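There are 2 protein chains.
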Amino acid sequence: MIVSVIGLGLIGGSLALGLKQNGFATKIIGVDNNERHTKEALEIGIADEIRSLQEAVELSQVIVIAVPVDAACKLLPAILDRISEDTIVLDMGSTKADICEVVEGHANRSRFVATHPIAGTENTGPRAAFPTLFMSKVGIICDEGDSDQDAVHLAERLYKSLFMKVVYMPSKEHDLHIAYVSHLSHISSFTLGLTVLEVEKDEKTIFNMAGSGFASTVRLAKSSPAMWAPIFDQNAKNISMVLGEYIKNLQIFKELIDNQDQDKMFELMENANDIRRILEGIILNEHNLIKK
Amino acid sequence: MIVSVIGLGLIGGSLALGLKQNGFATKIIGVDNNERHTKEALEIGIADEIRSLQEAVELSQVIVIAVPVDAACKLLPAILDRISEDTIVLDMGSTKADICEVVEGHANRSRFVATHPIAGTENTGPRAAFPTLFMSKVGIICDEGDSDQDAVHLAERLYKSLFMKVVYMPSKEHDLHIAYVSHLSHISSFTLGLTVLEVEKDEKTIFNMAGSGFASTVRLAKSSPAMWAPIFDQNAKNISMVLGEYIKNLQIFKELIDNQDQDKMFELMENANDIRRILEGIILNEHNLIKK
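Chains as they are written, first to last, in the UniProt record's numbering: chain X, 1 to 292; chain F, 1 to 292.
Among the hints, erroneous ones may be present.
Just so you know, same-sequence chains aren't split out, so a pair can sit in one copy or run between any two.
To be verified - With a straight-line Cα cutoff of 25 Å, these simulated SDA-like cross-link-like pairs (lysine to any residue) come out:
#1 39 - 251
#2 74 - 261
#3 237 - 270
#4 172 - 130
#5 248 - 108
#6 160 - 173
#7 39 - 22
#8 201 - 215
#9 264 - 247
Because the hints were derived from the structure by calculation, they are not lab data. Treat the numbers as computed from the prediction; the structure is a model and nothing was measured.
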């Protein structure tokens, strides 16, 4: 099967490497308007050939959109305008409601499958890509009723070929939940990084005093602004609500500290400790995927 | 040298294991008022024998206090009341101003060395201890002018025997910087965990949708309330200020999201990306310690 990947960064690049290694794709056509990326993608073997978008659409059975979510919303209608009825398009963006809305009522809507693989690192570009990024991760497919059955089936086959678990979910529900479990973490981390950088002008102090806990909480502050600004924009309503709750909880914590109310602090932290069970659940979830 | 360790949890236990393995301690006397911990400490080999506080103080050349910071402030004066002039006491707490204040003017103040090893994990108790916890980490010694030279020298030798780097700093300065690079990370993580747990009643959703980024930012929410409540209490003034700045920055981020100001969001995140250089600096710092 010929697969075109539009956007040869961490996500698109890793997908391409994985689908080539496992034989799902007989050929990967790469599309990217960043020349350095196309050059690197050829060197690394992410893409077998680089083509224009139009050529890629004509030549492939599967078209994967792996660009920032604002660019994806612009690209998708143009791609659907041109595809044949045997081709499917899927996107891999972190927000799902907007992209589903933008093609609502399009004549070829049913050839599109809205997906979100829950995988990534804080690194970017083709050189950050690796073929096992998606292994034992969850791939979410949204609003599957709006896609042809064969298209959904093929998208599911593609993800399962990478040892992923496929989960179905309405796009609006996806965007709300993902605001809590992913977008909030990123904003918390970006802002933590900023707050410390603002005040600790003497880097030696950070080097000496920051431990593994600091590193762990600010790791996501390394993430790509080009990828995240459009996500925060598209999911603004949900994120604003979730962020408001986070700020409210921080203010409660601050009051307890100001009032030196150790008992109540203790209680809050004990409740937060329950996250241990959740984190073990996540690991178990991945482990079960591997065993199945 | 006979070393007494008071508090046989992650920190005290790891120190004991390290000092026994490297030969610095010929014998470890363990003190802990938690019976399960003393039993486990003997089983694991953290302590050679368990003794009362009074016996431990009489029998050892080095006394290490590794209990929560509120308990440490109560213990230290009582220990200083009884020690001989050849003995030194050091504490390992995450806050330094209060403990230095509590023994200001004590007749044996100069036998005490205030220290803070920048090391730890989110796990607790003797079973979480391991002998290399401190390897290539920084050990901070505060207000060294208030301690006898031989006491400071011995504390430094102890840390260096574990391949640590020793850094000197006034206690008040320590407490301000550590509020930024450690205490804030913990509050951010505790509160993030709470916020998500409050709303995501259906754990399956978290298991399916949470990725490695979420796990990384909430890892510290597993930390021990018994250890952290007294730290937040003792460093309340600094933490409140730092937390206020973090909340202010989150509110700025929220406004940008509400106004869908992608350009300014992009700029903030690009500034936050500078944390990459800092994190590399931390790794390099550790690496240089190993090489030296």
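Each hint, compared with the structure:
1. 39 - 251: neither (49 Å within a copy, 41 Å between copies)
2. 74 - 261: between (52 Å within a copy, 19 Å between copies)
3. 237 - 270: Close across copies (23 Å), not inside one copy (30 Å); limit 25 Å.
4. 172 - 130: For residue 172 and residue 130, the Cα distance exceeds 25 Å both inside one copy (30 Å) and across copies (46 Å).
5. 248 - 108: neither (44 Å within a copy, 46 Å between copies)
6. 160 - 173: The answer is within: 23 Å in one copy meets 25 Å, while 54 Å across copies does not.
7. 39 - 22: Close inside one copy (23 Å), not across copies (52 Å); limit 25 Å.
8. 201 - 215: within (17 Å within a copy, 29 Å between copies)
9. 264 - 247: This pair counts as both: shortest intra-copy Cα distance 18 Å, inter-copy 20 Å.
Hint check: violations occur at hints 1, 4 and 5; the rest are consistent with the structure.
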